[in-house]
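> Protein chains in written order, with our numbering: chain A, 1 to 319; chain B, 1 to 254; chain C, 1 to 295.
To be clear, the hints were calculated from the coordinates, so they are not data collected in a lab. Just so you know, these numbers come straight off a predicted model, no measurement behind them. Idealized CB from N, CA, C, for every residue including glycine. Mixed in with the good hints there might be a few duds.
Derived list of chain C stretches under chain B, where covered just means 3 residues or more per stretch with a C-beta under 8 Å from a C-beta of chain B [stated by the list, open to error]:
1. 4 to 12
2. 20 to 31
3. 72 to 84
4. 101 to 110
5. 141 to 150
6. 241 to 251
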Amino acid sequence: MAIEVKDVTKRFGDFVALDDVSINVPDGGLTALLGPSGSGKSTLLRVIAGLEEPDEGQVLISGEDSTETRVQDRNVGFVFQHYAAFKHMTVFNNIAFGLKIRGEGNGEIKERVRQLIELVHLKGFENRFPNQLSGGQRQRMALARALAVEPRVLLLDEPFGALDAKVRQELRTWLRRLHDEVHVTTIFVTHDQEEAMEVAEQIIVMNDGRIEQSGGPRDLYEHPASEFVMSFVGPAHRLGTEWVRPHDVEIRHEPNGQTIEALVDRIVHLGFEVRVELTLQDGDHFSVQLTRDQVDELELKEGQIVFVRPRQTKTFASA
Amino acid sequence: MRGISLTWLSVIVLIPLAAVVAKSFEEGPAAFWDAISEPEAWAAIKLTVISSLIIVAINAVMGTLIAWVLVRDEFRGKSIVNSLIDLPFALPTIVAGLTLLALYGADSPIGLEAAYTKAAVVMALLFVTLPFVVRAVQPVLLEVDQEMEEAAASLGAPNHRIFRSILLPNLTPAIIAGCALAFARAIGEFGSLVLLTGNIPFDTQVASVYIFGRIESDNVTGAAAVSVLLLLISVAILFALNLFGRWRSRHERG
Amino acid sequence: MSAASRLQRFGLRGIALFYLTALLVVPVGIIFWKTFEDGIGPPLEAITSPEGLHAFWLTILCVGIAVPLNTIFGVLTALVLVRHKFRGKAVINSLIDLPFAVSPVVIGLALILIWGQDGWFGGFLEDAGFQVIYAVPGMILATIFVSLPFVVREVMPVLQEIGTDQEQAAETLGASPRQTFWKVTLPAIRWGVAYGVVLATARALGEFGAVSVVSGKIGGQTETLPIFVENEYTNFNLAGAYAAAIVLAILALAVLFSMNMLQRRARKSEDSGDDGDETPVTTGVFVPHPIEKEA
Numbered sequence: 001m002a003i004e005v006k007d008v009t010k011r012f013g014d015f016v017a018l019d020d021v022s023i024n025v026p027d028g029g030l031t032a033l034l035g036p037s038g039s040g041k042s043t044l045l046r047v048i049a050g051l052e053e054p055d056e057g058q059v060l061i062s063g064e065d066s067t068e069t070r071v072q073d074r075n076v077g078f079v080f081q082h083y084a085a086f087k088h089m090t091v092f093n094n095i096a097f098g099l100k101i102r103g104e105g106n107g108e109i110k111e112r113v114r115q116l117i118e119l120v121h122l123k124g125f126e127n128r129f130p131n132q133l134s135g136g137q138r139q140r141m142a143l144a145r146a147l148a149v150e151p152r153v154l155l156l157d158e159p160f161g162a163l164d165a166k167v168r169q170e171l172r173t174w175l176r177r178l179h180d181e182v183h184v185t186t187i188f189v190t191h192d193q194e195e196a197m198e199v200a201e202q203i204i205v206m207n208d209g210r211i212e213q214s215g216g217p218r219d220l221y222e223h224p225a226s227e228f229v230m231s232f233v234g235p236a237h238r239l240g241t242e243w244v245r246p247h248d249v250e251i252r253h254e255p256n257g258q259t260i261e262a263l264v265d266r267i268v269h270l271g272f273e274v275r276v277e278l279t280l281q282d283g284d285h286f287s288v289q290l291t292r293d294q295v296d297e298l299e300l301k302e303g304q305i306v307f308v309r310p311r312q313t314k315t316f317a318s319a
Numbered sequence: 001m002r003g004i005s006l007t008w009l010s011v012i013v014l015i016p017l018a019a020v021v022a023k024s025f026e027e028g029p030a031a032f033w034d035a036i037s038e039p040e041a042w043a044a045i046k047l048t049v050i051s052s053l054i055i056v057a058i059n060a061v062m063g064t065l066i067a068w069v070l071v072r073d074e075f076r077g078k079s080i081v082n083s084l085i086d087l088p089f090a091l092p093t094i095v096a097g098l099t100l101l102a103l104y105g106a107d108s109p110i111g112l113e114a115a116y117t118k119a120a121v122v123m124a125l126l127f128v129t130l131p132f133v134v135r136a137v138q139p140v141l142l143e144v145d146q147e148m149e150e151a152a153a154s155l156g157a158p159n160h161r162i163f164r165s166i167l168l169p170n171l172t173p174a175i176i177a178g179c180a181l182a183f184a185r186a187i188g189e190f191g192s193l194v195l196l197t198g199n200i201p202f203d204t205q206v207a208s209v210y211i212f213g214r215i216e217s218d219n220v221t222g223a224a225a226v227s228v229l230l231l232l233i234s235v236a237i238l239f240a241l242n243l244f245g246r247w248r249s250r251h252e253r254g
Numbered sequence: 001m002s003a004a005s006r007l008q009r010f011g012l013r014g015i016a017l018f019y020l021t022a023l024l025v026v027p028v029g030i031i032f033w034k035t036f037e038d039g040i041g042p043p044l045e046a047i048t049s050p051e052g053l054h055a056f057w058l059t060i061l062c063v064g065i066a067v068p069l070n071t072i073f074g075v076l077t078a079l080v081l082v083r084h085k086f087r088g089k090a091v092i093n094s095l096i097d098l099p100f101a102v103s104p105v106v107i108g109l110a111l112i113l114i115w116g117q118d119g120w121f122g123g124f125l126e127d128a129g130f131q132v133i134y135a136v137p138g139m140i141l142a143t144i145f146v147s148l149p150f151v152v153r154e155v156m157p158v159l160q161e162i163g164t165d166q167e168q169a170a171e172t173l174g175a176s177p178r179q180t181f182w183k184v185t186l187p188a189i190r191w192g193v194a195y196g197v198v199l200a201t202a203r204a205l206g207e208f209g210a211v212s213v214v215s216g217k218i219g220g221q222t223e224t225l226p227i228f229v230e231n232e233y234t235n236f237n238l239a240g241a242y243a244a245a246i247v248l249a250i251l252a253l254a255v256l257f258s259m260n261m262l263q264r265r266a267r268k269s270e271d272s273g274d275d276g277d278e279t280p281v282t283t284g285v286f287v288p289h290p291i292e293k294e295a
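Between the sequences and the hints, there should be enough to build the whole structure, so can you do that?
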């Protein structure tokens, strides 16, 4: 196990940010800490890095108890949401910083930085200053800087949060490919479940300072352990005491004993997918996801009365 | 509206100062040179400039240190200490001189009789220039992105290295700004020195006291000449600061 | 936190507090002690002497004229500099900062050269029987000079911060420029103005060098309270000197206190969602803002 967190609790005054949290991150893996704001995911990441000290519990890195170790000595690479670029240094010097601290020779530094600059596609920008780079370029520089010292683990705190959608998409893919090449244990924090699903091998879902569930993307989606995970990772609707995914619902024109009556409010065409918004008998709103072809076949119209049948539902023990 | 502003400024500030410059050259450039190179004048100017440079160096260090403690440290009574920093400005200079005299004068309660020495000049100047560097550095320190320091730490930099390589470069413009203002204030300081130093010519007499003496003995041209020299030194420092500030912000936009 | 960094932290705090105590607290404390060394009698007598009282009221007069004038000028000039576009802003900015850069004695000299007997304007005035130098008007002029920049410098950033949105909204609702100024602009900058007034008052109260030069320091006639302190001391009336110093010191502490209060009031009204109220620039209090504004 590359990283082990054991029973960590962290408080800020009266606020409990982490409540008896334990996780395991495999060596060389790509793990996401996923959760809403305030779930404690960034705090957990910072505890692993040594930027915060836990009130209780332990942090083990490569099997060694590092709970008391200073951040300087943990050899972790950290990438911040807002880049934390050294704005008074050039791109070259930013990336070289960690190496200079370690007292590497000028020749070695030059070579290593050159390699990293190529890796992150920033060739030609060596002598620019961070304020002359775009957000995406700054983040790539920050990554190169963190990787320069060959850290045991790479930690990224909402690394793409400050970038626009298109750049975010590009960098997601790029991070995945980078991990395939470099193979360093990587943990990244995100509130975007799509991002977690797309990039990570293992997802750890957090809420209110606790771990909700841990597993692969498919695992979490198809076998959620709680209401929270079901509704957070992927779209979900409540049907009485049951939960159902909008694409797991069938629409029929005739009842068949297992169906529920509903009124078609609106049919929203989203390209290939179509979202059919309905109102149920008890006044609740509900939506079903169908393909364009299915909608055409059924000849659905707004204002129709139809019958919906969930194909697969989940129930959770009440908390 | 613009006219009113300009008129007010001209009448109150511009024209009087122009008169000083005019007066200093009234008897020709040779007389100007004689006035400022006169031994007593020169001694006063030397003392003033050297003392001011000394306090600038001390303030650069202590001012930054105090700003650091006020921004990054937490302790009971910190807000009172923070307010106290402005005391040298709220307190009239003559009172400042009197208090320092009470402490370091003839019947010094702590046995340190430093009045009427060059050291007294430095002490008084330290008192009146205390707030400049502190107040210049504080807002910058508040704004600085602490994540840069965390990033440096995660890359292995020890605390003193973080201060030297990450914090200091970002604080330097503010420190220099504060120092320049402290310098300009120090070379013109009068009230706190008048009682404390004894104003001994060639020993503890500063430029402003010398000028005052010339005015009283009706050597107005001489007074004007030394005044102009002081003004030039002040202006040169502030101008250099202005340039440095502009160079800095062009260098580091956003 | 590691033991080493805890030590660092205490060490720095200790040095800072020691320096401040030695430089500020002890001297000011001594003054209070020395004043009342022989009881409250001597200082009270000295300060309520005719000369002492005259010095006190003369100081109040100078401040009472200089500060309001500079407040009006300050708000006006701040508006001109922030809201209008024209060339030569850098010049005006530098002029405003000059009172900071010039020695008080030089200021006094400059005023003598203009308003004195042989001065540029003074000659005419004296012939008309109106004496400026070695009389109260000169002292008022000196006080105006030294306290000039404060209101401008405090109001300018506030004006920049709030922008023109509110004023434009008022215009669209039919307000005249005068109404806009009194009902929208002025209320929005009130904390900046208040703060600037407090700073200007402190500076005016404590002014010594320039006023010394232009007044002739004639006791009972052209002696402000700070000059009274010096005169008493050089005449070996220590009780009088300390008494007056105490009065000035108490006024100084009152200034610090009001600054603190103002900052807190301004911050509170900001938090309660009172948009347009901006906390006056607190740090950088008496420090003029660097002259690198847009020309």
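> Does each hint fit the structure? Answer for all of them.
Structure-based check of each hint:
1. 4 to 12: Coverage by chain B holds for the region 4 to 12 of chain C (4 residues, Cβ < 8 Å).
2. 20 to 31: holds (count 9)
3. 72 to 84: This one holds; 6 residues, not fewer than the three required, reach chain B with a Cβ under 8 Å.
4. 101 to 110: Answer holds; 10 residues pass the 8 Å Cβ test.
5. 141 to 150: It holds: at least three residues are needed, and the region 141 to 150 of chain C offers 4 whose Cβ sits within less than 8 Å of chain B.
6. 241 to 251: Held - the region 241 to 251 of chain C has 5 residues with a Cβ nearer than 8 Å to chain B, which meets the minimum of three.
Of the numbered hints listed earlier, not one is contradicted by the structure.
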